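A.B. asks: For reference, the chains in residue letters:
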Amino acid sequence: MGYVAVTAGEEIIERAEQLFEKQRLDEDEELAVGQIDGQLGRLTGQAMSEGGLYAPRLAALAVKQAQGDTVEAAFLLRAYRSTLERFDESTTVEPSEMIASRRVSPAFKDVPGGQILGATKDYTQRLLDFDLFDGDTTDPTADWDIDDEGEPEELTNVTELLREEGLLHAPEEATVDEPTDTTRESVTHPPARDAVLQELARGETGAVTALGYSALRGYGQVHPTLAEVRVGRLPVRIDHPYTGEAVTVTHTEVTESEAVVPVYEKRADPQFAFGYGLTFGRNERKAIGMTVLDASIQLDSEAEPAENPEFVLDTIDGMDSFGFIEHLKLPHYVTFQSILDRIRSIRERQRAGDESKVRADEQPAEPPTQGASDDD
Amino acid sequence: MTDHTTTDDAPSDDRSFDDSAPDGGMPVSTASVDAALESLDDDGLTGYNYAYLDEHTKREVRRSMLKAVAIPGHQVPYASRPMPLARGWGTGGIQASLSLLGPEDRFKVIDQGADESVNAANIRRLAETTAEVETTTDTTDADLIQSRHRIPEEVLTAGQRLVLQVPITDALRKVDPSDAANRRRHAHKNYGKMWVHLYENVVEYGEINIASRYPTMVAGRYLMDPSPIPRWDVPKLDDADHLTVLAAGREARIYAVPPHTAVEPLAFEDRDFTVERFPEQACHACGSTDTYLVEVSEESADEDGFETRYACNDSSFCRKRRENPELPKDHHLDREGVDWGPETPDGDASTAQRGGSE
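The listed protein sequences derive, respectively, from chains A and B.
Quick note on the numbering used here: the first sequence kicks off at 1 and runs consecutively.
Quick note on the numbering used here: the second sequence kicks off at 1 and runs consecutively.
The hints are simulated quantities; they were obtained by calculation from the structure and are not laboratory data.
Predicted model, so just to flag it, every value in this text is computed and none were measured.
Where is the CB? At the ideal position from N, CA and C, for every residue including glycine.
It cannot be assumed that every hint is accurate.
Sample of chain B residues at the chain A side, in silico, Cβ under 10 angstroms [to be verified]:
1) 58
2) 60
3) 117
4) 209
5) 217
6) 219
7) 220
8) 276
Whenever a hint applies, use it, and build me the whole structure from the sequences.
C.D. replies: What follows is the structure in structure tokens.
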């Protein structure tokens, strides 16, 4: 009979979970968490970035558990993160401290510290490599002469060069001691800039890319010039609870991007506007998208989606959009019955209206909605 | 729960960064991560706080609820935590419930009128495993009821609390997507745009075409989205004996209708608020004609095509009615004729007209 479309209890839920777990198993050897962390670092990086928790091994576990669904993996990390006690805040680090494994600065041909191409597929031809079917474990860099590696040097930030010349305004001094944390305090409008940056940094990669693209595509004024795109490791430091000295507790792999935008706010003293992007893991696409959105949001306009902070922050979060989009699968028969009632009632009214109109005179029927409104 | 002590046999694939960090910082072993990973091997939710959320969070949610009670119908922002359920699936409701529940409480969860629904079972399971509460499907037996989009058919009493899950927190979202603009409208009690919307409805369709989420004034001050309960249930909020808490997880807002608060759906003098009509229909299982029904189409037994039948949406009350078809909605109270929305003895006929024919 089943008038409740989905009638079930805990047993059904457990069975559904068991079926889902079964999908992970096949004849091949089970994928180890370490392999995911090591070989599918893009996935774990994306999960950490969207989950707002830097924990490569937990992220690898989450990716495995979610069977490769990055938003689901980020969700697992966030739910776990929300149960952890936050016992300290790290001290601020300068981006110039980054030990960069890759650095490009499209703004200038030569920059202090030089361009570091690093590990990238940017210039590789996108051809399927059929050799990978059989697996290839030889290290292509085995013969490299890396004796002259030297000490990693601090890279001067390209935006510093522009600031010295007065072309780029200095960042505003922080007016609060503690940074906003949108996971502890919900966003209200207008949002503080650090809240915007936090929400963008945790934004869903696809959404950040798409909204950033919308601004470039013409739905916005921001077409930035990238001053820096860097991938590398940043130290995490806290003040030692006993000695009070700063101690490095770990490093995080991040992608950072900075851009300048020719928007002349002050006529008398034209300067570049500035956009910033930073994400956990290696995700240049998201970092650049975030940079475009940060610069766009600072224009604070309702004219274009990417420039409207409310629109961007309302739609950028993967957890929010994922949950609400997928909730449509839940039963809706109460609300649907209510909608059926409305549409039937209006149809009855219109039918009655049309009939009385035809009786009244033989004029060709007006648009039916107008006919309905005449009926009292 | 595994102790967070450093173990000697740290795994070799440990990704802790090497000691030669150029800034001379002191690396810390990742053994605590291993301990955390090991603790995940435990079954159940060992290691989580009572009722999942930590006590500070629960207190913050309760404070927001108190503020919401003090300003009926006003949306109070709170720091909605990521829950182990997807946002949009009742995370606001479960945060409110878990903040209120104590070990003495009996908890009922309904999803679209049914205790048996998968999502209701899942939420009930979370409360059972983390808050060790007793659960029930009997409305009259519950201290706290979490519901997705229904108010039960049986009258709720002063001792009971109802938590409604909320997908969209603001009735004005229909006329303006911007919360910043809508907050200003609420501050100024400026609901002109909603009135114009309703008027345009009447002009276009001859009547108001809002099905659920019907815009409702609370205590004559704030316009409230009563969550997607059917219009059938809206009059039950008016001057109720129980407290209703409306909680949204994704949108991070809590609002409330305290007991004995005036709740009035927006309508015009010549266009009454009407509830859903079920002309000539009764529940095929219990025969009720005074409850919210939903229709199901089934393959016809003797001919091709489909047959539509109606059934009570409140499955718990329907079970009771099948045993006792005459059971009134206030059977558990020591008074009779309690006003509980449509089709109850003292139900206000002008605001809860059934049929709605002219």
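A.B. asks: Hint by hint, say whether it matches the structure.
C.D. replies: Quick rundown of the hints versus the structure:
1. 58: Violated, because the Cβ-Cβ distance from residue 58/B to chain A comes to roughly 13 angstroms (cut-off 10 angstroms).
2. 60: Cβ of residue 60/B sits 9 angstroms from chain A, so the hint holds.
3. 117: Holds - the Cβ of residue 117/B comes within 10 angstroms of chain A, reaching about 6 angstroms at its closest.
4. 209: Holds, about 5 angstroms.
5. 217: violated (20 angstroms)
6. 219: Violated, about 23 angstroms.
7. 220: violated (26 angstroms)
8. 276: holds (4 angstroms)
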